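Chain by chain, the residues run as shown.
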Amino acid sequence: MQGLKARALELLNDGTVSRVLGWKIGENTYDPEPAFFETAEAMEQFVYNNFCAANLSKYMIEASKLEGKTLVCLKPCDSYSFNQLLAEHRIDREKAYIIGVGCKGKLSIEKVKQSGLKGILSVTDTDPLKVETLYGDAEVAYKDAMLDRCHVCKGKEHVVYDELYGESEDTSDADRFEQVRAIEAMSPEEKFAFFQAELSKCIRCNACRNVCPACSCRKCVFDSNKFDSAQKANVDSFEEKMFHIIRAFHVAGRCTDCGECSRVCPQGIPLHLFNRKFIKDINALYGEYQAGADVDAKGPLTSFTTEDAEPGVVSQGGIV
Amino acid sequence: MQRIGVFVCHCGSNIAATVDVKKVVEMARMEPGVVFADDYQYMCSEAGQAKIGAAIKEHNLTGIVVCSCSPRMHETTFRSCAKRYGLNPYMVEIANIREHCSWIHKDMQEATEKAVILARAAIAKVNLNAPLQAGESRVTKRALVIGGGIAGIQTALDIADAGYEVDIVEKTPSIGGRMSQLDKTFPTLDCSACILTPKMVDAAGHEKIKIYTYSEVEKVSGFVGDFTVDIRKKARSVDATKCTGCGVCQEKCPSKKTPSEFNRGLGNRSAIYTPFAQAIPNVPVIDREACIKFKTGKCGVCEKVCQAGAIDYAQQDEIITEKYGAIVVATGFDTIKLDKYDEYAYNQSKDVITSLELERVMNAAGPTKGHLERLSDGKAPKEIVFIQCVGSRCADARGKGYCSKICCMYTAKHAMLIRDKYPDVNVTVFYIDVRTPGKNFDEFYRRAVEEYGVNYIKGQVGKVAPQPDGSLLVQAADLLDNRQIKMKADMVVLATAIEPDPSVRGIATMLTASIDTNNFLTEAHPKLRPVESPTAGVFLSGVCQGPKDIPETVAQAGAAAVKVIGLLAKDKLTTNPCTAKPDELLCNGCGNCAKVCPYGAITYEVRQINDHGIREERRLATVNNALCQGCGACTVTCPSGAMDLQGFSNRQLIAEVDAICR
Amino acid sequence: MSVNEEFRPKIVAFCCNWCSYAGADLAGSSRLAYPADVKIIRVPCSCRVNPMFILRAFEKGADGVILCGCHPGDCHYSTGNYYTRRRMTMLFSMLDFIGVENGRTRVEWVSAAEGVKFSTTMNDFVAKIRSLGKNVRLGDLRCKD
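Heads up: the protein sequence lines correspond to chains F, U and P, in order. No gaps in the numbering here: position 186 of the first sequence is 186 in my numbering, and each next residue is one more. No gaps in the numbering here: position 29 of the second sequence is 1029 in my numbering, and each next residue is one more. No gaps in the numbering here: position 141 of the third sequence is 2141 in my numbering, and each next residue is one more.
Next comes chain F alone, as it looks inside the complex:
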């Protein structure tokens, strides 16, 4: 981390970049936050540890409007989001100086808590995690504290960067579509019960929308009157019920499966399941597609072949 900080400082001091986009140290090891650093003094607060899970690519939309270059730290999976934003002209490659930072799977304090530990006072980001609690010290295996999304890691390669810092590791050890398949196997009643239970938790805080690098619209369709027929009341109930489905549809073919939506949801709704269902269907019907892997690739919903499957495939045994 010190090396990364030193290199960032060097680039800030020699004027290569005007600011650094990274993580700021929190109260604890486990709560670093995304932050811009514009001075060497501010850089004191810079941190990069295994809890730095946030995908910083979306901040580059605003950073692209600022004077000078922004140094941005991107983990391998974040680099896909960056590329996707680049493909959609939402950010300016010339305004970014990308340090591809190493990642060996990111940790989640929620996962530590799920291991049954209470009264956590401090926690390390080491393997294993050393946890100090009100009731004594404990250890949690690194893999067990890893974010769900890291178990379906996209790999250790950065798809875009200016320089690399640190080692990465492919931490995937799970089937990415296992949960989607489990739901697909349910009856309509079970499926509906599952999603109704999950979506009923939603408090419409918009955290998922705000963090999503694919949800990059200047103004969300739900915030404009473009689909409002007459009364605001109509829109509210429509939005209320359909928000997550429409959001998932809007990012279908553009979502890199970065998993930020589920990570930030304060209610713990597995929102990534919607996106992953689309990804699974797209892969099955239109060929394997990873948004952000190739800036020049044609998106699956903005292209077609004359031989595509008919929508009837859904009622004829589903998309396998």
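Take the hints with a grain of salt, since some may be wrong.
With a cut-off of at most 20 Å between alpha-carbon atoms, the simulated PhoX-like pairs for lysine-lysine come out as follows [unchecked claim]:
1) U/K1581 / F/K219
2) U/K1379 / U/K1369
3) F/K298 / U/K1595
4) U/K1421 / U/K1369
5) P/K2134 / F/K191
Here are a few chain U residues that sit away from chain F, every Cβ distance over 10 Å (derived from the structure) [claimed, not checked]:
6) K1083
7) N1426
8) T1637
If you anchor each label on the Cβ, the simulated ranges turn out as follows [what the hints assert, rightly or not]:
9) P/F2007 / F/A182: 28 to 36 Å
10) F/D294 / U/T1517: 19 to 27 Å
11) P/F2007 / F/I203: 34 to 42 Å
12) F/G166 / U/R1288: 48 to 56 Å
13) U/P1526 / F/D294: 32 to 40 Å
14) U/T1622 / F/D294: 22 to 30 Å
15) F/G166 / P/V2136: 50 to 58 Å
16) U/I1292 / F/E10: 47 to 55 Å
17) F/D173 / P/A2113: 54 to 62 Å
18) P/S2030 / U/A1047: 25 to 33 Å
These are calculated hints, taken from the structure and not from any lab test. These numbers come from a predicted model, not from an experiment. Using N, Cα and C, we set each Cβ at its ideal position, and we do this for glycine too.
Following the hints, complete the assembly by docking chains U and P onto the known chain F.
Chains U and P in isolation, oriented as in the chain F frame:
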């Protein structure tokens, strides 16, 4: 708030017998925005229209809903009616209560209920209608034809005869195209050159036609009526204004080892050459890759022998920029490469040739002066095998899925001509099906079989194997007799599939004309607009659109010309106002809308914008109204809802949904 | 009398102007009946139909939504229905995923000449929706207590 008038038509008894029109009127009156509602026997009649007009005036209507027959029937009628009475024609909506209601339902209550709902949906929509104005754009009265084969020549001649300027751009040194390479044409057996050359001469001499040979289209911008095109005129190294076409340079040129493109590589040409004797223009070009002067700096023979002093080694490519109102693509075809068809031994034996090569062999100006002989040893063949469908109707990826259409007929022609001139030569044709749908085509094929004794065998050839004695062993299956055939042949002729000339891809991209998986250009409508590309102002002529023979090509060339003339005859074009329109405050400039636009109507530009006090430069989608046809594909692709379709806006359609589900 | 015989579903049919709307007109002029439950909305092309319209219909109480367009390859705008095909496959699959019976959504390609097909399609679709009964799910996707 709109002031809406609702007019319910009885259509005699067509509607009124099943729909309680009075009830519809009564219910419509209760809908928001409706200030007037009435019914009448025949709304489309003069009296009915007068009734609408009177109501528009009397009630200051801002929108009207006509509950009547299908909008496909009378939308235009009621729009012009509205216009006559001072209402914007796009403030009219039709509720289809005849085709979609009274004619299909028997129960009066049920039909009336439905009619009320359909009226309600139309009222909800018109509440959100906005007046639309058809735009205008200018027309440059000049056409560009890309490709100088028979398709391009015919199109150009027809356009020019109507009095409009036409430019032909041809990439080879002469116009004439594939047809100039053919010996005879089916089913009349007249000489190809004899019917083509006069047309070439006509085109060259026409005061309205300008021909750019050895030239290529490099860049296209603009839209229907107003295209700007850059044409690269490649350096000929010969000054066309001085050259007399005497041909001495070609005779004296010491570099004579370049395979002749015109003779399909069966003979050689010199480095300075005209492709064939009747070439137009009759001005040679120097092939700089073959020319000793260009390669080594030494030689210069042509310059020395040219009496006219026309040789100009320093000539440079020239870019010509010209404006056009319409563009016709007539890029034609080539035969497919046979690399993947090893079983026919095309690359192993000189005596296995394509049908187009046979045309050159049979032609008096060809490599064998028209004598039928084996290219390996010059001997006269006694046994010739023709193989049909080589790469056509091919299920696997090696060939083409489509039928090349012309092969059955030219093979019959070849077989007949050979049997006629060399009665001692046996001719066998292996075919999958013989397809002869055309005037005098089947008669022609039957003559080949019945009068000329051509041996047709239904079956596919599995292998052609060159033998040590120089003959070819043909192994095939006879599907009708269900037996294996092994026969020796002296020559094998492959009816090779045709495909669009490879240059068409780049041209289609420049024109934003769509292309299918086989690289054929797509028509605007396969049945009803077969010579128009979906891109307005771009027309299709000849094989670039699909396989076709000469008469079909000429017919299509004429049809394309008529469409061009129809366009150029206008001074201004009115544009459909129901086009896509982006809200610049919502547009992300993400680029997805342009990807799904079939017309290339969407471009992006960086513009200064004032978003509630925030001034910034943004990349924004711009729709060219002259190109947009109003399909709406972009509106759904746009995640922010910035792109909307005028006349079928998101809010209008949602209002209809709401009204129906209410 | 069973419940389903009484049940009159709300069905929204989006039809493209060039093929399917004309097909519906032909069904009408040929007097080929189908239930009055079907209400047609005219759109220029099937690709104009935003998934939001379909969700909106369900949210407002539609029991089934059917989308009709030109046959693939015959689109008036040449490629519109190819996008429709992908979008609707994705949307329908998602609706199925969250437990909305997949029989409630359908895409059918109906040409201007296929009045008979239009009528049989609508008869069939209505029968299907009647057998499924009232759609409550999308209107009740989020349990508010």
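Evaluated hints:
1. U/K1581 / F/K219: OK: U/K1581 and F/K219 at ~17 Å, within 20 Å.
2. U/K1379 / U/K1369: holds (14 Å)
3. F/K298 / U/K1595: holds (8 Å)
4. U/K1421 / U/K1369: Holds: U/K1421 and U/K1369 sit about 14 Å apart, inside 20 Å.
5. P/K2134 / F/K191: Holds, at roughly 18 Å.
6. K1083: holds (27 Å)
7. N1426: U/N1426 clear of chain F: closest Cβ-Cβ about 44 Å, beyond 10 Å.
8. T1637: Non-interface label on U/T1637 violated, nearest chain F Cβ at 6 Å vs cutoff 10 Å.
9. P/F2007 / F/A182: 28 to 36 Å: holds (33 Å)
10. F/D294 / U/T1517: 19 to 27 Å: Given range 19 to 27 Å: holds, Cβ gap about 21 Å.
11. P/F2007 / F/I203: 34 to 42 Å: holds (36 Å)
12. F/G166 / U/R1288: 48 to 56 Å: holds (55 Å)
13. U/P1526 / F/D294: 32 to 40 Å: holds (33 Å)
14. U/T1622 / F/D294: 22 to 30 Å: Since U/T1622 and F/D294 have Cβ atoms about 27 Å apart, the given range 22 to 30 Å holds.
15. F/G166 / P/V2136: 50 to 58 Å: holds (53 Å)
16. U/I1292 / F/E10: 47 to 55 Å: violated (60 Å)
17. F/D173 / P/A2113: 54 to 62 Å: holds (57 Å)
18. P/S2030 / U/A1047: 25 to 33 Å: Distance hint for P/S2030, U/A1047 holds at roughly 30 Å.
Consistency note: the structure conflicts with the earlier hints numbered 8, 16.
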